[in-house]
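Student: Given only the sequences and the hints, what does the whole structure look like? Please build it.
Residues per chain are reported as follows:
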Amino acid sequence: MIDTLETLTENWADRVAETADRGGTLAIRGGGSKAFYGGPELGEPFDVRANRGIVAYEPTELVVTARAGTLLNDLQAALAEQGQFLPFEPPHFSDLATVGGMLATALSGPRRQAVGAVRDFVLGVKVLTGTGEILSFGGQVMKNVAGYDVSRLMAGSLGTLGLILEVSLKVLPLPAAEKSLRLTMDESGALDRLNRWAGQPLPISASAWHDGVLTLRLSGAVAAVAAAQRTLPGDALADDEATVFWSSIREQTHAFFAGDAPLWRLSLPSAAAPQALGATLIEWGGAQRWWRGGDAQAIRAAGAVVGGHATLFRATDAMKAEYGVFQPLSGPLLRIHRKLKHAFDPRGVFNPGRLYPDF
Amino acid sequence: METHLADFIKDTAEGREADAILRACVHCGFCNATCPTFQLLGDELDGPRGRIYLIKQLLEGRPVSEKTQCHLDRCLSCRSCETTCPSGVNYYRLLVIGRGLVEQRVPRSLAARATRLLLTEAVPRRWIFAPSVRVGRLLRACLPAKLAEKVPDIVTAKPWPRPAAHRRRMIVLAGCVQSTLTPNTNAAAARVLDRLGIALFEAPGAGCCGAMRHHLHAKAPALDDIRRVIDAWWPHLENGVEGVVMTASGCGAHVRDYGVLLRHDPAYAEKAARIAAMTRDVSEVLASEQEALSRLLRESGTDRAGRRVAFHSPCTLQHWQQIRGVVEGLLAAAGYRIVPIADAHLCCGSAGSYSISQPLLARQLRDNKLAAMTASAPDVLVTANVGCQTHLQSGGTTPVRHWIELIDERLNGVC
Amino acid sequence: MSLDFSTGDPRFAVDRPALIARLSVVLPADALLTVEEDLRPYECDGLTAYRCLPSLVALPENEAQVRAILRICHELRVPVVPRGTATGLSGGATPHPDAVVVSMARLKKILRVDPFSRTAVVQPGVRNLAVSEAAAPYGLYYAPDPSSQIACTIGGNVAENSGGVHCLKYGLTVHNVLRVRGLTIDGESVEFGSAALDAAGYDLLALINGSEGLLTLLTEVTVRLTPKPPLAQVVIASFADVRRAGEAVARIIAAGIIPAGLEMMDKKAIHAVEPYVKAGYNLDAEAILLCESDGTPEEVAEEIVRVVEVLDNSGASEIRVSQSEVERLRFWAGRKAAFPAVGRVTPDYLCMDGTIPRKRLADMLEAIEALSRKYALRCANVFHAGDGNLHPLIMYDANQAGELERAVAFGAEILELSVRFGGTITGEHGVGLEKIDLMAEQFASGEIAAFHRLKAAFDEDGLLNPGKGVPTLARCREYTLARAGTAPVTFVAPKS
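Protein chains in written order, with our numbering: chain A, 1 to 359; chain B, 1 to 415; chain C, 1 to 496.
Please keep in mind that the hints were generated in silico from the structure rather than gathered at the bench.
For clarity, every value in this text was computed on a predicted model and none was experimentally measured.
Beta carbons: idealized from backbone N, C-alpha and C, even for Gly.
Any given hint might turn out to be false.
Using C-beta positions, here's what the derived DEER-type ranges look like [as the list claims (entries may be wrong)]:
{"hint": "1", "chain 1": "C", "residue 1": "SER189", "chain 2": "A", "residue 2": "PRO357", "range": "23 to 29 angstroms"}
{"hint": "2", "chain 1": "C", "residue 1": "GLY139", "chain 2": "A", "residue 2": "GLY234", "range": "21 to 27 angstroms"}
{"hint": "3", "chain 1": "C", "residue 1": "VAL305", "chain 2": "B", "residue 2": "ALA375", "range": "50 to 56 angstroms"}
Tutor: Next comes the structure, spelled out in structure tokens:
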């Protein structure tokens, strides 16, 4: 198996080099669960799912290394068997979701507000660059500052810097206890409370506000969750009801996400005031706000004004083309982006236009 | 740290001592974090680590100029760095060696020499200093603002207790400037100790403890000061007096160093060492009488919710003598509430003659200290050294007092 | 020992008088040091074994001055070495003979502390501890706490991606910084990250953390503040042998416990620290573990019981739990002061910084013991055991000929072993100058070349902090050949 996979990635290296030589481009594809995210897939489809499997997992080291084609479900099942998990709760959007796609999109779930994002748990990567080289960055230990942090740079790069072959992630033990609470509250009240609570040592691991209802999740030691439940207002949800609810937020199966209206993601300072832009669902203690429809330019502007940014998360290709998926970059930043792209993929083989139309 | 001392010094006692100090430094830089001048100026050369390096260059025979002199002059000798230093570097001792060498090699301007002469000759002499202050007070209205703020207000002392036939007797240093500027300090200490059954008295002829001249590198006159103090005290100490009480932490730190300073003087070494060992800060004396003091405080009947006090612990108390928390404990026991002060480890800028030789830095430090002390609007500002007291006083309108005066007032039913 | 840059880059043909003339226009007189007497104290950072007299030192006090310095240096092709308070241990702020050292120590304003959004905006010269002090009135603090936190700056922390004793639970600098503002080498303003939790485009904020001043010069940092846990308690466990202590670490993690801090000190370190700090460490122990639990009183009580049980089952000879905040701080004080306290028992030391999988802790300690005999140098061990991050302190006397070279070779062997154990040559101190040759131990030429291309995306002319962090490919080849057995280990950078 190992031999075959090594041969496989070597063959891929040849294919990348060959594609580059003839000026072609490749559209990296795993399970396709997040194909909707970002710019259009341009280039020859390049299915990378054959490169799968967990390479190493030692629960006492809190580290797992998996090949990029590994199904996210499989990885999470292996961790759960040892009482551990991926703390950032990555969304799947389909049973076909892979580890590589998780890293390339760097989307994090409800727990992000408490524990950090995908990139915060990345320890190392192995990538195939646009010149057909297989390079390893970072490693399998908690602390590592040798060389630039290319591993974390890969998170959210949408495959534009190289084909991710393998990733090492820090994992954590599952929380001993969880409890969700629900209370009625208007938007500004919810934002105010969420920010105040975040300034106190409370084990709030997730929050979602929509349509006058705020749902909170507490996670941690049994005693800590019980103590917080006594302090905080709201009625407790039944455990299975809570699981279904948080899954609906993470996987965007909640009624808010239904229908064809464009979906915007605003990443804002959690303390930013309510934005009068239309129907909204607020997560991450106020730091992630979803919008349906609305005035694209107003949304983009709103993001910039308060020091955040807006992403056109789900929309038609036409709309994406018109407004761009991601917040435009400042001149100096765009220059740095182009040069970084050039440093890893000088001939622009991988996923052109998936992140920004320019490269 | 690697060292290569130059021939002129490497085989001398001073050279060996300096080398050992330098070798102990691992250049971690923790000292800069608690150095008042580094915090103000942000230049490596104005922090202990940089000064150690400057002195190292000097000892390694590199040329030295008024640049090094300037950075060494800027050091307050507060020794906050020594409290912070995890490697146990005896910074101050190295500084004294370094300053001595620079003094020999880099000539000072006429004006600088004149100022030093005034400080070494006039200030320690009560018969010159006291009338000068009186004249200054008369002329204050005509003086430029910067000079006028240096002239202290007239302070009258409350009376000393009537001589009592206590079995226990202790000497207190009258001091050079304290007796003129803050005469109530010793009077208050005497009244408090009187209540505790200890008679306090000033031995005539002791004069200045010698710290002023010592810090200005007037080595021989500084040692003469010490011998004079010893001569004035010794007969009493041989005659049943149990010890020496210091009410100015600056003088206290110096007297406690007498043994080291006169160790090479066969006639005085032993006496000096004994006196140093018998000397205690007034806070230490009171702390050892805490039980009796508490009883007196209860009896005084004013033990009600106390006023809020900001206490500036002088460097000579917290860093030189490493006495921390004692005064705070006494004041708390007397019913006062101590308010926390930001950057309590930093010098107020008084530092002996520093406020005269480095007026700009001294003023900045003073203003920062006053801002920190008054941040939570306390009722009283107190300290434990005459220099800090008058220096802080010169920068604000709230009276700055010696903490012993508060204890005195509490015992007398004033609150 | 001073550095030999004679093989330096001919691109830096600096016209010093012209440079001084230009800089004098944009800086006040006390902000530009030009003579050797003033420059010498800037010749090294916390790694005193590596020294180099800088060409000039600039002490700007605001961003406009920093920008002006960079523009002039960029125009005249003069390299720039950024410096905070120079507490680093890898020589990241060691000067270069052609360079202007730009000290950021005067940019030390805390611009804003916002308890509502739990953020602080600070200039790069602000000390790590000063941020926590400013946030304390709001029940908040800045979580990363490197042992030098009293003195080290936020700018330096970002440059090195500093950790500390609590990063197993609270993360490294990269996990606690939201946004940095900086200047590129040509003086252009850039912002990485945002006031939100993420930013559009590549995660350049992650890239800047740990970039050792090679990519941009920082002028402002927004950090995340964390609510102070209502209670923290620390357990000290003594062990009669180091292997058991190492195994206890793995058992704690295996029990599903993520302590707020999990530190280990060996006998030599304990003996260096105890006389100075009087922390109450057991002087008979071969190793001690410090395991901290924090949170609500209920949570801490629950966790401490579990920790004590694991430690007891792991063969600890003595277990003590801090009974007050004063005692807890005293227990930690010894660990925090461990490095400089070793300065009390040796004139000089080199502090290594490898990270290994936790399960190899005991193997590593035994290997270090053997190396200590081989090189006839003492070594005290202080470990961030929870992270597998090692800080062996190799003691030597720089005044004795040959000792530094032996210490360097000793350290190199430890780091090579770290890589062989599946770890890294540096966990949190950075590569700097010190470990530049050892980069070839961890990375092949492909990765090294990629690092150079990445650097060029920010600084095409290689003017920012030259000679640090990433070795030239030629140097890698030299090192690899030397290690292949054809030549004995020699350290290339320092030269007597």
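Student: Hints first: check each against the structure and report whether it holds.
Tutor: Structure-based check of each hint:
1. C/SER189 - A/PRO357: 23 to 29 angstroms: Hint holds: Cβ distance 25 angstroms, inside 23 to 29 angstroms.
2. C/GLY139 - A/GLY234: 21 to 27 angstroms: At roughly 23 angstroms between Cβ atoms, A/GLY234 and C/GLY139 fall inside 21 to 27 angstroms, so the hint holds.
3. C/VAL305 - B/ALA375: 50 to 56 angstroms: At roughly 42 angstroms between Cβ atoms, B/ALA375 and C/VAL305 fall outside 50 to 56 angstroms, so the hint is violated.
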